[in-house]
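Student: Line by line, the protein sequences are chains A and L.
Residue 1 is where the first sequence starts when you use the numbering used here, and the numbers rise one by one after that.
Residue 208 is where the second sequence starts when you use the numbering used here, and the numbers rise one by one after that.
Misleading hints may appear alongside valid ones.
Stated by the list, open to error - Which stretches of chain A does chain L cover? Using the computed rule of at least three CB atoms under 8 Å from a CB of chain L, they are:
hint, segment
1, 51-63
2, 71-78
3, 164-175
4, 188-196
These are computed hints drawn from the structure, not numbers from a lab.
For each residue, glycine too, the CB sits at the ideal point set by N, CA and C.
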Amino acid sequence: MTSARLKRLYLVAAPGSELAARDSATAFSKRVATDQAVDTQLDATLAAHVDSVYRYALRITGNVEQAEELTQETMLRGWRNRRSLKDPTVAKSWLLRIATNLWTDEIRRSQRRPHQLIEPSTIPNPNPKSTPEQQESARQALAALDQLPPRQRQVMHLITIEQLSHAEVAKVLAITAAAVKANLAAARKTLRTQLKDVYKEHQGNKT
Amino acid sequence: MKNHECEQLEAYLADELNDTTAADFLAHLEVCASCRAEADQQAWLDQLLHDAGTITTAAPDVLWEVEDQISHARRKQRRMYGMSTLLAAASLLLAVGLRRDPGPTPAPKFEANRQSPAAPVATFTGAEDVIVIQHESPYPNVTIVQVYPTVDASRRRERNSERILLPATNILRGDAS
Numbered sequence: 001m002t003s004a005r006l007k008r009l010y011l012v013a014a015p016g017s018e019l020a021a022r023d024s025a026t027a028f029s030k031r032v033a034t035d036q037a038v039d040t041q042l043d044a045t046l047a048a049h050v051d052s053v054y055r056y057a058l059r060i061t062g063n064v065e066q067a068e069e070l071t072q073e074t075m076l077r078g079w080r081n082r083r084s085l086k087d088p089t090v091a092k093s094w095l096l097r098i099a100t101n102l103w104t105d106e107i108r109r110s111q112r113r114p115h116q117l118i119e120p121s122t123i124p125n126p127n128p129k130s131t132p133e134q135q136e137s138a139r140q141a142l143a144a145l146d147q148l149p150p151r152q153r154q155v156m157h158l159i160t161i162e163q164l165s166h167a168e169v170a171k172v173l174a175i176t177a178a179a180v181k182a183n184l185a186a187a188r189k190t191l192r193t194q195l196k197d198v199y200k201e202h203q204g205n206k207t
Numbered sequence: 208m209k210n211h212e213c214e215q216l217e218a219y220l221a222d223e224l225n226d227t228t229a230a231d232f233l234a235h236l237e238v239c240a241s242c243r244a245e246a247d248q249q250a251w252l253d254q255l256l257h258d259a260g261t262i263t264t265a266a267p268d269v270l271w272e273v274e275d276q277i278s279h280a281r282r283k284q285r286r287m288y289g290m291s292t293l294l295a296a297a298s299l300l301l302a303v304g305l306r307r308d309p310g311p312t313p314a315p316k317f318e319a320n321r322q323s324p325a326a327p328v329a330t331f332t333g334a335e336d337v338i339v340i341q342h343e344s345p346y347p348n349v350t351i352v353q354v355y356p357t358v359d360a361s362r363r364r365e366r367n368s369e370r371i372l373l374p375a376t377n378i379l380r381g382d383a384s
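Working from the sequences, and respecting the hints, build out all of it.
Tutor: Below, the structure written as structure tokens:
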């Protein structure tokens, strides 16, 4: 997230100075001001993970519009329940857990198939500074990731892209650590097999 | 040809091997070209996915929408705080106003004088068990008293209750009718 974005969100989340100034004499308004100061800090903590939430949402929904809706709903739900977040260092996995739960509920409600693949247009253009070959490799790798079964895709995304630990992934997906390992191993094996040619090409370009 | 150590490749990639087993597997990687190639490919793939995956960011309007909704929720919350403050202030004013203007004097009625009890009208020093307080009575012919025990229940039970209470009831004089 850019600093400008963080600053903008910080301004939105700033304490209500009008109310605080008007009622500063009362203990009530002091409590309000304290609450808002805590809120502001938490909002900045949550806002720093908007992109992670969006990336994850895009990975599990496979659709830009749904990913945006899911991101908004997740951030709003996180903001509403921010008081239950005891440890700000786990804010990222906490938000991703909310996103997972919201999406699970959405699938249950609409009976939507969770196996939707990401639309080709939603796969981002890889780093423009990289070579065309590298960009093509990245595009193929992301496409292969999006073709994995949903659970393997989630585990692979959370570990490889969001760099969560196995324990964090287990919490986010509400599965056991053993299930995380099994899904990760399966996902890696599949991706290695599917991208063997791409890797060979990459090796050939290197030499 | 795959051997037993090759089967530990996934565990090694997941960083699940303990120090001793990891050292053994690293030694195996030196001699097993197949595992080495797989490990190298996985490292390349992980890096590739990480670099490509983290480029994606939420569109600015997604953030703006979240900000708008949070701002809206905040305004709502502040309005609720404001309403609560107003309500508290109104309650305070009402309470102060009511205390300043007590309204018409209520009609006299019988009520035990709990605020400042009158001086004891009788104390039974012989038994050392009760004192008797006189209360205001709406009936001129009736005197109302309240009998307070001065010893605890266990001691009182040991004594003859009739001997204690009879003198107190003698204080009640007159006729309510």
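Student: All hints, please: hold or fail.
Tutor: A quick look at each hint next to the structure:
1. Check result for the segment 51-63 of chain A against chain L: holds, 5 residues qualifying (beta carbon to beta carbon below 8 Å, three or more required).
2. Only residues whose C-beta sits within less than 8 Å of a C-beta in chain L count toward coverage, and the segment 71-78 of chain A has 4 of them, enough to reach three; the restraint holds.
3. Counting residues of the segment 164-175 of chain A whose beta carbon lies closer than 8 Å to any beta carbon of chain L gives 1, which falls short of the minimum of three for the stated coverage.
4. Residue count for the segment 188-196 of chain A with a Cβ under 8 Å from a Cβ of chain L: 6. That meets the three needed, and the coverage hint holds.
Checked against the numbered hints above, the structure breaks only hint 3 and satisfies the rest.
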